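Those sequence lines, one after another, are chains A and B.
What the first sequence shows, in my numbering, is residues 1 to 96, in sequence order.
What the second sequence shows, in my numbering, is residues 1001 to 1373, in sequence order.
If you are wondering where the hints come from, they were derived from the structure by calculation, not from laboratory data.
Quick caveat, the model's predicted, so the values are computed rather than measured.
Glycine included, C-beta positions come from ideal geometry on N, C-alpha and C.
You may find that some hints are simply not true.
Unchecked claim - Mimicking PhoX-like on lysine-lysine, the simulated pairs with C-alpha atoms at most 25 angstroms apart in a straight line are: (1) B:Lys-1102 - B:Lys-1131; (2) B:Lys-1333 - B:Lys-1322; (3) B:Lys-1307 - B:Lys-1322; (4) A:Lys-14 - B:Lys-1164; (5) B:Lys-1273 - A:Lys-14; (6) B:Lys-1256 - B:Lys-1242; (7) B:Lys-1322 - A:Lys-14; (8) B:Lys-1164 - B:Lys-1131; (9) A:Lys-70 - B:Lys-1256; (10) B:Lys-1260 - B:Lys-1023; (11) A:Lys-56 - B:Lys-1210; (12) A:Lys-17 - B:Lys-1273; (13) A:Lys-70 - B:Lys-1019; (14) B:Lys-1166 - A:Lys-8; (15) B:Lys-1260 - B:Lys-1218; (16) A:Lys-70 - B:Lys-1131; (17) B:Lys-1256 - B:Lys-1023; (18) B:Lys-1368 - A:Lys-70; (19) B:Lys-1333 - B:Lys-1368; (20) B:Lys-1347 - B:Lys-1368; (21) B:Lys-1131 - A:Lys-14; (22) A:Lys-17 - B:Lys-1269; (23) B:Lys-1260 - A:Lys-17; (24) B:Lys-1256 - A:Lys-8; (25) A:Lys-56 - B:Lys-1277; (26) B:Lys-1063 - B:Lys-1193; (27) B:Lys-1164 - A:Lys-17; (28) A:Lys-11 - A:Lys-56; (29) A:Lys-56 - B:Lys-1256; (30) B:Lys-1277 - B:Lys-1307; (31) B:Lys-1166 - A:Lys-17; (32) A:Lys-17 - B:Lys-1063; (33) A:Lys-56 - B:Lys-1273; (34) B:Lys-1218 - B:Lys-1063; (35) A:Lys-11 - B:Lys-1131; (36) B:Lys-1221 - B:Lys-1210.
To be verified - With the C-beta cut set under 8 angstroms, the calculated list includes, among others, these residues of chain B facing chain A: (37) Leu-1097; (38) Ile-1101; (39) Tyr-1124; (40) Pro-1126.
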Amino acid sequence: MCLSIPSKVTKIDKANKTATVDTMGVSREASLDLMEEGSVNIGDYVLIHIGFIMNKIDEEDAMASIETYKEILSIMDEEECARAIEESDNCPNGGA
Amino acid sequence: MALELKNLYDDFRDAATIKAYAKIISEDAAKLDRAINIMEVCGGHTHTIMKYGILQLLPQNIKFVHGPGCPVCVMPKERIDHAYALAMQEDVILVTLGDMIKVPGSKGSLQDARSRGADVRFVYSPLDTLKIACENPTKKIIFFAIGFETTTPMSAALLDAVIKQKIPNILFHINHVTVPEAMELLLSDAECKIDAFLGPSHVSVISGSKIYEPFPVKWGKPVVVSGFEPVDVMESISMIVKQFLEKRCELEVQYKRAVKREGNLNAQKLVDKYFQKAAHFRFRGLGDIPGGGLELREEFDAYNAEKIHADILPHEPINDHKLCICGEILKGKATPPQCSIFGTACKPSSPVGSCMVSSEGACAAYYKYGNLV
Ligand code: SF4
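Here chain B stands alone, though its shape is the one from the complex:
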């Protein structure tokens, strides 16, 4: 299917800088002896790349692979079913963030649970959960925590406040996942087509660029940590192409204004106090990733909804529809339009697979900005 993308970049003045980068990238890329596939790990970057038509500005031999960095997209169905089962209990208010509320599990989404009488709330900041708990002293508030390294410290800060303020009615269901382990899993597939990574912005602000140091060394893949703005992304792509041209393989930071090597140590300390690495986390579309998630430390079992309510939670993994090729897309083996039900049976209003669920997912971004509607 031919895909025409909108030309948003034409409309803003930074277009000059973007075009200048496009020219440099084209000139450099012309000297390469092969095509390179760059994975943008973060869904925020997928969004920027699609929204500003960046793919159209790039020469034929610079290609993008859309990565797994969308916390909602990587949530397997059985964990959505956990949220659903917890929410359907009489005395529970289930609190969560973002698009989580729309993702269908095997019984429906949290939105569906709400229409069936469950009390499900969406908060802007995890700390808003404290207010809900104080206003509903007879209810059990379960915070369904999602996100990569970026949002884990915020969940830790919430637990810290719950303990310090002795709030008796907040529990946690933890679904925090980690970026480097997911990147390693992709690379360990012999057929993986990724040549370089565009490193996430926010994750790196918290964790520091140090978390990517093994990738150039151990895996021979350059990483450039990039900001969110279209100009940032263009500059980062240019930096990657230059590495190939000059036969370098390094970790570089384009987003220097916000990312330091060490990251936010205070936030890391807070995370370490409450969380430890889980043995594995099953990513939707990718499967089990060793060390790919976090769990509460045992001493905080009294706050762990997953343990306290283990009896009502399903444990069997639930796979996606067999026509869904999200896993292939995340590995760079396919693009969304190659899926046989893309835009037909699978749309943002009725998502079949994970990549169509959130506006950060690759399929949803192609659908929204691909002029397919």
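Chain A on its own, in the form it takes in the complex:
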């Protein structure tokens, strides 16, 4: 499943260059290695790919996108849904 659900930054660990993000209720860590120092802040919406923050997106766009994903996820069963969120940034092969 190759979704790309926006995640919200909830914590920044400057020393380790990582951020904690929330993806529709699922919390996890992501690397800040690809982002300019200081460019990502708590409350920002970001896209994640295989453990890295790839970019930031506007809050308005992020919210619209999250609404769409809620609908997509609402037609899945619970297990499928949990897996889709977990794997949302993990295109089967780190896709194109």
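For this one, chain A is given, so just place chain B with the ligand on it according to the hints.
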């Protein structure tokens, strides 16, 4: 073979928007004097198009050609054999991503290597490789790096960490490939049937939409960079049809919320520090593509598993089964059901060709969502 696709779109509320786009597309397409073939370059889009039954919503004269944007699908057998040979060494832990582990080479897949005693691991993020290296100081960890522009910066970040943290036991086998060169190769075939491109989402986030600028200008093919959601894809198709209707040929970005012209410059800088263009990369199903891949710069030879272990790696190209028509499918000359062994001798559980290997491949997507099981 008639193909009935599932109607998933009926189930979700966005159906209204999707249907509205379907109506606009049909009305516009009715005014076109010929059919148009749109290639979705990225496997993620193939997935969306098949999963949400988008093909069924489109008028007869709007057709899709499923592109090569699945990193696992384009990996030629000889490079899978590299991974296999490296993994079979006593002191090696081979680390890779995604469906790579399932793809059969000439001796078997990495999964088979594992059942024959090799230590092959699958990581969620390339950075997890650091942990494996620290926990196994007596082993040599080889990161078998795959992916298009999207994942190259992550491999660069891993190498950056290896060097900065002076980790002595991680090597790299690089199989990073690039999208524009593959698109050019397809277009350079005189029989190529592609009229326009749906540009990849993630690749464009990293590289920026600027990488597609030559396509409308030099090749006369419109490109619309699209997001992954079904609504994004419908809007992008509508934008392409409008270009034909209004006789425009441009690069447009539908996925504006994530894609800028310049892309992620920080990530591009990191890639440039460690990688350079390879003279060519052999894509499975398509053949040699000049400049179609990346390799480590020479100053990082000490981390280059392909050079260090050159003596045990096979060098001869290995072609696919002669019945496999993946190359034709990727060029838009055929669709998966036209393959004589589609769904019979070739299935996701026993893939013969590259397009059946990964869930992002065109044949696998047709198999999964085509109600053929
Ligand atoms: S069905 Fe299998 S053999 Fe046929 S083109 Fe697709 S991958 Fe190749």
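Hints and how they fare:
no. : hint                    : in the structure
1   : B:Lys-1102 - B:Lys-1131 : holds (23 angstroms)
2   : B:Lys-1333 - B:Lys-1322 : holds (16 angstroms)
3   : B:Lys-1307 - B:Lys-1322 : violated (31 angstroms)
4   : A:Lys-14 - B:Lys-1164   : holds (17 angstroms)
5   : B:Lys-1273 - A:Lys-14   : holds (23 angstroms)
6   : B:Lys-1256 - B:Lys-1242 : holds (18 angstroms)
7   : B:Lys-1322 - A:Lys-14   : violated (54 angstroms)
8   : B:Lys-1164 - B:Lys-1131 : holds (15 angstroms)
9   : A:Lys-70 - B:Lys-1256   : holds (21 angstroms)
10  : B:Lys-1260 - B:Lys-1023 : violated (29 angstroms)
11  : A:Lys-56 - B:Lys-1210   : holds (19 angstroms)
12  : A:Lys-17 - B:Lys-1273   : holds (19 angstroms)
13  : A:Lys-70 - B:Lys-1019   : holds (19 angstroms)
14  : B:Lys-1166 - A:Lys-8    : violated (33 angstroms)
15  : B:Lys-1260 - B:Lys-1218 : holds (22 angstroms)
16  : A:Lys-70 - B:Lys-1131   : violated (34 angstroms)
17  : B:Lys-1256 - B:Lys-1023 : holds (23 angstroms)
18  : B:Lys-1368 - A:Lys-70   : holds (23 angstroms)
19  : B:Lys-1333 - B:Lys-1368 : holds (21 angstroms)
20  : B:Lys-1347 - B:Lys-1368 : holds (10 angstroms)
21  : B:Lys-1131 - A:Lys-14   : holds (20 angstroms)
22  : A:Lys-17 - B:Lys-1269   : holds (17 angstroms)
23  : B:Lys-1260 - A:Lys-17   : holds (24 angstroms)
24  : B:Lys-1256 - A:Lys-8    : holds (19 angstroms)
25  : A:Lys-56 - B:Lys-1277   : violated (28 angstroms)
26  : B:Lys-1063 - B:Lys-1193 : holds (10 angstroms)
27  : B:Lys-1164 - A:Lys-17   : holds (14 angstroms)
28  : A:Lys-11 - A:Lys-56     : holds (15 angstroms)
29  : A:Lys-56 - B:Lys-1256   : holds (12 angstroms)
30  : B:Lys-1277 - B:Lys-1307 : holds (16 angstroms)
31  : B:Lys-1166 - A:Lys-17   : holds (18 angstroms)
32  : A:Lys-17 - B:Lys-1063   : violated (45 angstroms)
33  : A:Lys-56 - B:Lys-1273   : holds (23 angstroms)
34  : B:Lys-1218 - B:Lys-1063 : holds (23 angstroms)
35  : A:Lys-11 - B:Lys-1131   : holds (22 angstroms)
36  : B:Lys-1221 - B:Lys-1210 : holds (15 angstroms)
37  : Leu-1097                : holds (5 angstroms)
38  : Ile-1101                : violated (10 angstroms)
39  : Tyr-1124                : holds (6 angstroms)
40  : Pro-1126                : holds (7 angstroms)
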